[in-house]
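When you get a sec, could you build the whole thing from the sequences and use the hints?
There are 2 protein chains.
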Amino acid sequence: MTTISMYKISAPIFVQFLTSLSAVLDKAAAFCEAKKIEPSVLLNTRLAPDMFPLGRQVRAATDHAINACGRLAGAELPTFSNSEATIPELKERIAKTIDFLKSLKPAQIDGTEGKEIKITFPSGATREFTGQSLLLNNSLPNFYFHCATAYDILRQCGVELGKRDLMGTPVSM
Amino acid sequence: MTTISMYKISAPIFVQFLTSLSAVLDKAAAFCEAKKIEPSVLLNTRLAPDMFPLGRQVRAATDHAINACGRLAGAELPTFSNSEATIPELKERIAKTIDFLKSLKPAQIDGTEGKEIKITFPSGATREFTGQSLLLNNSLPNFYFHCATAYDILRQCGVELGKRDLMGTPVSM
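As they're listed, the protein sequences go chains S and B.
Sequential numbering of the first sequence, starting at 855, is according to the numbering used here.
Sequential numbering of the second sequence, starting at 855, is according to the numbering used here.
If you're looking for bench data, these hints aren't it; they were derived computationally from the structure.
Heads up, a few of these hints could be off.
As the list claims (entries may be wrong) - Pair ranges (Cβ atoms, derived):
id, chain 1, residue 1, chain 2, residue 2, range
1, B, 1024, S, 950, 43 to 49 Å
2, B, 856, S, 953, 28 to 34 Å
3, B, 939, S, 887, 37 to 43 Å
What the hints assert, rightly or not - Here are a few chain S residues that sit away from chain B, every Cβ distance over 12 Å (derived from the structure):
id, residue
4, 884
5, 886
6, 889
7, 921
8, 930
9, 933
10, 962
11, 974
12, 995
13, 1016
14, 1017
Note that CB positions come from ideal geometry on N, CA and C, so glycine has one too.
In structure tokens, the structure reads:
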């Protein structure tokens, strides 16, 4: 009988949906190619003027996955240029995130439910979490929000995607 | 030291985000009132012609929460008319879903990681899950997708919402 654990509800889940997000970007690239559209048009599309555009939605998804698993594991977080402006650059960022998540061992994340984690935001404000509250109430819902919104932007742009593209395939890690 | 469990990653999480979804609908109703817009306009808005409109996104969110927790617990699932066409009716559906989720005891859901669950879809197709795969790879991501897309539709319609409205407040259950 397998028992649920902090690892099982984090790293493999992030990898599953980052993998599908990367494949969704492939479909976006193919769409641009077929329709002679500059990919930057899609990457700069927003659902509302004060929401992040597609490119930033993708970056935010990787950030939440890295911040959650990296802080739970107490690992050094990978850094990015944050200037990714093309589909290949965003896919590279996703690939680097997946490599990082796969490098973490279950033993580094399991048992971190009560771990005290203090996060300092760019504004200077700080917020204290337990491992459980960071993952369940913050990182996972934010991660899913940015993945879903990236998908929603591309659906609105006319890219042919279905629920299966969004959901991807469960991974064994 | 609290330990993560199937209950902790399901019922209270669904309740948190259904509660915020209900409050988001309140803001949508206030927006319609202020702008003299028929709420049905918002409820029928889609991000793409072959995506669900807002009303159906809300219904789908409740369905995934009920199906996951109800099947894990082996409880009788509440039923709905599926004809909810107004904001109050959708809020009533959400409230009924929250009542159902709150009626489930941790002991009914904890330990169901390996439970075999066979789901028959309206098409007649069947799919077999373990409790863990149903919750982690299917119900939670679908639930979050429909909540995020409901929020995205309202943001696109101009309703003033921020990330805090989407995320809501963690609940103790």
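Hints, verified against the model:
At roughly 31 Å, the beta carbons of residue 1024/B and residue 950/S sit outside the given window of 43 to 49 Å. At roughly 31 Å, the beta-carbon separation of residue 856/B and residue 953/S lies within the given 28 to 34 Å, and the hint holds. Between residue 939/B and residue 887/S, the C-beta spacing of about 42 Å keeps the proposed range 37 to 43 Å intact. Every Cβ of chain B is farther than 12 Å from the Cβ of residue 884/S; the closest lies at roughly 18 Å, confirming the non-interface assignment.
Separation of residue 886/S from chain B is adequate, the least Cβ-Cβ distance of about 17 Å exceeding the 12 Å criterion. The claim that residue 889/S lies off the interface holds: its Cβ sits roughly 16 Å from the closest Cβ of chain B, which is beyond the 12 Å cut-off. Distance check on residue 921/S: its Cβ is at least 15 Å (rounded) from any Cβ of chain B, clearing the 12 Å threshold; non-interface status holds. A cut-off of 12 Å between C-beta atoms confirms that residue 930/S is not in contact with chain B; the least separation is 24 Å.
Remark: the non-interface label on residue 933/S is consistent with the geometry, its nearest Cβ contact in chain B lying 24 Å away (cut-off 12 Å). No Cβ of chain B comes within 12 Å of the Cβ of residue 962/S; the nearest lies about 15 Å off, and the non-interface call holds. Once the 12 Å rule is applied to beta carbons, residue 974/S is consistent with being away from chain B; the minimum gap is 18 Å. Remark: the non-interface label on residue 995/S conflicts with the geometry, its nearest Cβ contact in chain B lying 6 Å away (cut-off 12 Å).
Non-interface call for residue 1016/S relative to chain B: violated, since the shortest CB-CB distance, roughly 9 Å, does not exceed 12 Å. Non-interface call for residue 1017/S relative to chain B: violated, since the shortest CB-CB distance, roughly 8 Å, does not exceed 12 Å.
Going through the hint list in order, the structure does not satisfy hints 1, 12, 13 and 14.
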